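Colleague: Using the sequences and the hints given, assemble the complete structure.
If you read the protein sequences in the order shown, they are chains W and L.
Residue numbers for the first sequence follow the numbering used here, beginning at 6 and rising by one.
Residue numbers for the second sequence follow the numbering used here, beginning at 67 and rising by one.
Treat each hint with caution, since some may be false.
As the list claims (entries may be wrong) - The list that follows gives simulated cross-link-like pairs (lysine-lysine, DSBU-like), each with its CA atoms no further than 35 Å apart:
#1 L:Lys110 <-> W:Lys55
#2 L:Lys356 <-> L:Lys268
#3 L:Lys145 <-> L:Lys337
#4 L:Lys198 <-> W:Lys148
#5 L:Lys376 <-> W:Lys31
#6 W:Lys27 <-> W:Lys145
#7 W:Lys27 <-> L:Lys277
#8 W:Lys145 <-> L:Lys264
#9 L:Lys86 <-> L:Lys110
#10 L:Lys337 <-> W:Lys26
#11 W:Lys187 <-> L:Lys407
#12 L:Lys145 <-> L:Lys332
#13 L:Lys407 <-> W:Lys73
#14 W:Lys55 <-> L:Lys145
#15 W:Lys92 <-> L:Lys420
#16 W:Lys27 <-> L:Lys420
#17 W:Lys31 <-> L:Lys337
#18 W:Lys73 <-> L:Lys420
Read the hints as simulated data drawn from the structure, not as lab findings.
Nothing here was measured: the structure is a model prediction, and the numbers come from that model.
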Amino acid sequence: MVKQKIKTENTDDSVLWQAFKKGDRKAFATLLHQYYPLLLNYGVRFYRDKEFVKDSVHDLFVEIWNRKEHLGDVVMVKSYLLQALRKNIIRQSNRLKWFREADNISDHQDFDVEFNIETVLISREIENESFQKLQSELAKLTKRQREAIFLRFTQELSYEEIANIMAINYRSVVNLVHGAIKAIRQNWIVLLFPGLLFFY
Amino acid sequence: MKNYNKFSVEQFVQDAYFRKWSLGELSPNDTFWENWLQSNSERKTIIEEAKSLVVGLKVTETSVFTETEINDGIQAILKDTQSKYLNFQIIRTNWLRIAASVTLVLGMGWWFTDEHTLSNINFDHIASTDRKVILFNNGMESMVSELPDGSKITLEPQSELRYGNEFGKEKREVFLTGEAFFEVTKDTQKPFLIYTGKLVTKVVGTSFSIKAYEKDKDISVSVRTGMVTVYKQYSKSKNSQSLSTEIILDPNQKAVFDKDQELLIKTLVDKPLKINYVQKNTSLVFEETKILEVLNILEHLYGVKISFDKEVFSRCSITANLQDETLYQKLDLICELIQAKYEIVDGEIMIHGKGCP
Chain W
6 MVKQKIKTEN
16 TDDSVLWQAF
26 KKGDRKAFAT
36 LLHQYYPLLL
46 NYGVRFYRDK
56 EFVKDSVHDL
66 FVEIWNRKEH
76 LGDVVMVKSY
86 LLQALRKNII
96 RQSNRLKWFR
106 EADNISDHQD
116 FDVEFNIETV
126 LISREIENES
136 FQKLQSELAK
146 LTKRQREAIF
156 LRFTQELSYE
166 EIANIMAINY
176 RSVVNLVHGA
186 IKAIRQNWIV
196 LLFPGLLFFY
Chain L
67 MKNYNKFSVE
77 QFVQDAYFRK
87 WSLGELSPND
97 TFWENWLQSN
107 SERKTIIEEA
117 KSLVVGLKVT
127 ETSVFTETEI
137 NDGIQAILKD
147 TQSKYLNFQI
157 IRTNWLRIAA
167 SVTLVLGMGW
177 WFTDEHTLSN
187 INFDHIASTD
197 RKVILFNNGM
207 ESMVSELPDG
217 SKITLEPQSE
227 LRYGNEFGKE
237 KREVFLTGEA
247 FFEVTKDTQK
257 PFLIYTGKLV
267 TKVVGTSFSI
277 KAYEKDKDIS
287 VSVRTGMVTV
297 YKQYSKSKNS
307 QSLSTEIILD
317 PNQKAVFDKD
327 QELLIKTLVD
337 KPLKINYVQK
347 NTSLVFEETK
357 ILEVLNILEH
367 LYGVKISFDK
377 EVFSRCSITA
387 NLQDETLYQK
397 LDLICELIQA
407 KYEIVDGEIM
417 IHGKGCP
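Modeller: Listed below in structure tokens is the structure:
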């Protein structure tokens, strides 16, 4: 049931994409409404300047519109866009380095996710304290682990898509995600379920 | 059907169906997991652990962007991608964006990939036997010089102009780095060509200025009088000059080279000057004057084309003193008075609005 739904989303997206490529304004607008906020929020994880990110996302969409005839047949629109934006932002911020002293921009750009889980807390009857601990455990993850987790669980992307976006190989993504889960389990779940201590 | 009985915590965490249930996203009728738990109660701990992880890792995104920012951003993109005749937004800010996004930098490696410095490229065009003349302004003030054909050039500080012996024989070719104002003598038989890196400006007889500093991100050519054409040079061979995009600039128009699109963009100069096309006693003080007339006068005064729907604005008239403003200020004022917006597209002004009651 659920698997089918995901497939439909992809089909919907690829239908939209085809229409957009042919110049369908409505399809383009739909894609915009669907992905613009996501791209903004993903962008600021890399470069903490709202105007800069807004410009980057703006330029990205204008560019893909202008080159729509030459684009491939994308099925996974979300990961395509995330990948493109990530590349652009890293490239732009590196270039800015030439013209002003930007602070510590490296190729492995900082990925900073605030795992803000307060709203989730309210809807679930789970203790605040233990989730705060989770938050601090998540903060201990490496930046790449955090990005992988973000893309995997918040954006629900496949390993392959994440590999494309982060420009690393499949195996590395698997390792990142598993490594992250393992780290969290060891440090956090144990507290949540004291009985599990025996298994570690 | 998946073998959930054998699933590890990690596998549950990454299973889409399980995630949906953990996050409460399944329909109320779907009691699959409740049922499954009942039949597999020994897996309860694993399920609970996995569920906690799913919830914890889901991560609610706090958006640093407001609803308004998002909507405005989307609208801006839609507007920037619409066909020019339907665009209703003032795009002066977008023009600034274009100017800022021009990243052609003379002499820097990542534009001229396999070429050396600017000077070397330039001198590909001049045979080695030629005597080369180099005008270099090392001082603090503009330097005026005369070229063999009588053309005058005002060279700004830190700028350099070079030409060879062949200058004026069949063509008049010069190479510029920096900034200069040219007053070119008219000679239709011998085109005057200015090379600034990959951009070539061709003139017949006009006055215009070119800004092409090495450290700058863009090259711009602004025309004062007459007409120039600007094009980007592709071919490396001396003889053929394959034209990519060639655009013609009229007075008060300006070309800016956009690196990303590899296109020359035509727009208006920063400070459009009045050109003497109107009679001297034309007043710029208007009283209940039809907008058609006002815009006509401005067209002639500045030598720019202003497009608007005559029907839509047929009932508009304004009372205003437009004597002292710059062109842009005049347009701002007029548009405010008639509830319209203007934009600059391809070096022309287009005015859009609903008209007047």
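Colleague: Confirm or reject each hint.
Modeller: Right, here's what the structure says about each hint:
no.: 1; hint: L:Lys110 <-> W:Lys55; result: violated (45 Å)
no.: 2; hint: L:Lys356 <-> L:Lys268; result: violated (40 Å)
no.: 3; hint: L:Lys145 <-> L:Lys337; result: holds (26 Å)
no.: 4; hint: L:Lys198 <-> W:Lys148; result: violated (57 Å)
no.: 5; hint: L:Lys376 <-> W:Lys31; result: holds (30 Å)
no.: 6; hint: W:Lys27 <-> W:Lys145; result: violated (46 Å)
no.: 7; hint: W:Lys27 <-> L:Lys277; result: violated (39 Å)
no.: 8; hint: W:Lys145 <-> L:Lys264; result: violated (51 Å)
no.: 9; hint: L:Lys86 <-> L:Lys110; result: holds (17 Å)
no.: 10; hint: L:Lys337 <-> W:Lys26; result: violated (39 Å)
no.: 11; hint: W:Lys187 <-> L:Lys407; result: violated (59 Å)
no.: 12; hint: L:Lys145 <-> L:Lys332; result: holds (19 Å)
no.: 13; hint: L:Lys407 <-> W:Lys73; result: holds (29 Å)
no.: 14; hint: W:Lys55 <-> L:Lys145; result: holds (20 Å)
no.: 15; hint: W:Lys92 <-> L:Lys420; result: violated (42 Å)
no.: 16; hint: W:Lys27 <-> L:Lys420; result: holds (31 Å)
no.: 17; hint: W:Lys31 <-> L:Lys337; result: violated (39 Å)
no.: 18; hint: W:Lys73 <-> L:Lys420; result: holds (32 Å)
Going through the hint list in order, the structure does not satisfy hints 1, 2, 4, 6, 7, 8, 10, 11, 15 and 17.
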